[in-house]
Amino acid sequence: MISDPNVVTLLYLVSIVCFVLALRFLSSPKHARRGNWLGGVGMIVAIATTLLLEGIGNWVLIAVGAAIGSAVGFVGARKVKMTAMPQMVALFNGVGGGAAALVALAEWHKTASPGGSETVSIVLSALIGSISFAGSLVAFGKLQELVSGRPIVFPAQNVVDVIVLAAAAAFGIAAVAGASGDWVLFALILLALLFGVMFVLPIGGADMPVVISLLNAFTGVAASATGFVLDSTVLIVAGMLVGASGTLLTLLMAKAMNRSITNVVFGAFGQVQAGAGGARTDDGRTVRATTPQDVAVQLSFARKVIVVPGYGMAVAQAQHDVRQLADVLEERGVDVKYAIHPVAGRMPGHMNVLLAEANVPYTQLFEMDEINPEFAQTDVALVIGANDVTNPAARSDTSSPIYGMPILDVDKAASIVVLKRSMRPGFAGIDNELYLDPKTTMLFGDAKDSVLKLISAVKAL
Amino acid sequence: MNLPLVIELTILVLAAFLGFEVISKVPTMLHTPLMSGTNFIHGIVVVGAILVLGQADDTFTKIVGFVAIVLASANVVGGWFVTDRMLEMFKRRPEPKKEEPTE
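Note that the protein sequences, when read in sequence, are chains A and B. Each residue of the first sequence is one higher than the last, beginning at 4 in my numbering. Each residue of the second sequence is one higher than the last, beginning at 3 in my numbering.
Chain A extracted, bound-state conformation (with noise of 0.2 Å):
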């Protein structure tokens, strides 16, 4: 048993110290993986002095109940696919809030209105966490295809949204003011958690990596509230961290869509947009559609291709094949590299994770500031399974709901390749002019259809 307060201070201490060094090691691919490791050791420091406290009991019941949150948790963590990675992360966001709504509830009826700070404290904890448990199941059904994908509407659904918000919180002022019971909490925790369901529903899906980020910073500062009811520095800070995380991705990610979140958020984009940008096709130009013979001749006498994946890659798993045929044109001695779009996928980083996966050395992978001045002296430019990341009409056309969005600048290529299922328009609803452009010729089919086509095309070249 630890008794001594200031001891088991300074074990939380190693335990921050712990933490925010395996943040500081994820600066390089090189050393992350150690960074993990001594997270990992943080973890269970904290674990351990908590456990060691005076007067901690029912050592059966944690056990059990560790037992088997671990268990789900390790075979979730080991069976996931990497394709699955960002519902695999809405899911951890999710029952990370839900703890600490918990934790905030069991504190609150055990306590019954403590009054002031700790109050505020339990409120914050309970509501954040609540809205984060709900908003990420619904962005884990929604990514598991359980839901649409497309924004879900409703009329006069931000008055909704904020009559609901409001009323939480105005339960969360009554427990501050000193009502009490455990059904002020419950209301709260209740309409909480509808409004978390509201919140996300209408997000369609490329706009997840906002939407993500922005739950794991909602997790994270919940986590932080719980640390200032338990009077735990340990909670605060490592909470805090991740609040901070999650605050800074949101925000990387809004601007690399160049929207504001409250556009993301409030914004419904996505909807299908009746006619929008639909009579561009009537200008005369027509899209080229081409065969994987042809490509493969292209491919193979580049000096420089560089290839933009995209959520189709991800969708029809080609990232392994995809490889292949880099390295297939590697040893013909063409120059393969991989252009990287910030909101490419469904989380931040998404693409570089699954071509990792392939054993993509990241050496070969390139942010969309450090490839764009490429693009000129590419031959080729291959994009597989992406679409509004290289519409051009973000930088030309004003008009465009995209206008203003940093693109890869595919158009830039001597030629460009697209691999893509269909005509259908992107996310955003929108053609694509890139299609139309006489450098451009298409690939119909699934992605990992034709790579392995392409593949086989080149092999017997």
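Worth double-checking, as some hints may not be accurate.
[Claimed, not checked] Quick list of in silico lysine-lysine cross-link-like pairs, BS3-like style, CA-CA up to 30 Å:
| id | chain 1 | residue 1 | chain 2 | residue 2 |
| --- | --- | --- | --- | --- |
| 1 | A | Lys33 | B | Lys27 |
| 2 | B | Lys93 | A | Lys113 |
| 3 | A | Lys84 | A | Lys340 |
| 4 | A | Lys113 | A | Lys82 |
| 5 | A | Lys307 | A | Lys415 |
| 6 | A | Lys33 | A | Lys82 |
| 7 | B | Lys93 | A | Lys82 |
| 8 | A | Lys33 | B | Lys93 |
| 9 | A | Lys340 | A | Lys442 |
| 10 | B | Lys93 | A | Lys462 |
| 11 | B | Lys93 | A | Lys258 |
| 12 | A | Lys456 | A | Lys415 |
| 13 | B | Lys93 | A | Lys307 |
| 14 | A | Lys113 | A | Lys33 |
| 15 | B | Lys64 | A | Lys84 |
| 16 | B | Lys93 | A | Lys456 |
| 17 | A | Lys258 | A | Lys33 |
| 18 | A | Lys340 | B | Lys27 |
| 19 | A | Lys462 | A | Lys307 |
| 20 | B | Lys93 | A | Lys84 |
| 21 | A | Lys258 | A | Lys340 |
[Said to hold, decoys possible] Listed next, the stretches of chain A that the computed footprint assigns to chain B, with coverage defined by at least 3 CB atoms under 8 Å from CB atoms of chain B:
| id | segment |
| --- | --- |
| 22 | 11-25 |
| 23 | 48-56 |
| 24 | 77-85 |
| 25 | 144-154 |
| 26 | 213-220 |
| 27 | 345-352 |
| 28 | 390-403 |
[To be verified] Derived contacts from chain A toward chain B, CB cut-off under 10 Å, selection only:
| id | residue |
| --- | --- |
| 29 | Ala69 |
| 30 | Asn375 |
| 31 | Gly407 |
Please keep in mind that the hints were generated in silico from the structure rather than gathered at the bench. Each residue gets a CB set at the ideal place from its N, CA and C atoms; glycine is no exception.
We have chain A; now place chain B onto it with these hints.
Okay, now just chain B, sitting in the frame of chain A:
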């Protein structure tokens, strides 16, 4: 260990700045591991769950605390293993270019 509120707020604000500083050095490439790594770190709420369940003496608190422990430990264990699995995949090119195929 009852710290005054102002001290806790000071710690909170400093942690926020520290977080921004450290996270802004994480390359875009590692943003997914960053998300799952921070996922793991917010699993620290398991400490809160242990405190609640460990001191619970009525059925309501026991149930709530138990569910909290289950959720939080799934968060901790799952978050850590997923991050480890991902980071293991990030590799440099093993041998020099073009001399021989990578595999």
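request  = Determine which of the earlier numbered hints do not hold for this structure and return their numbers in increasing order.
outcome  = 2, 4, 14, 15, 25, 28, 30 and 31
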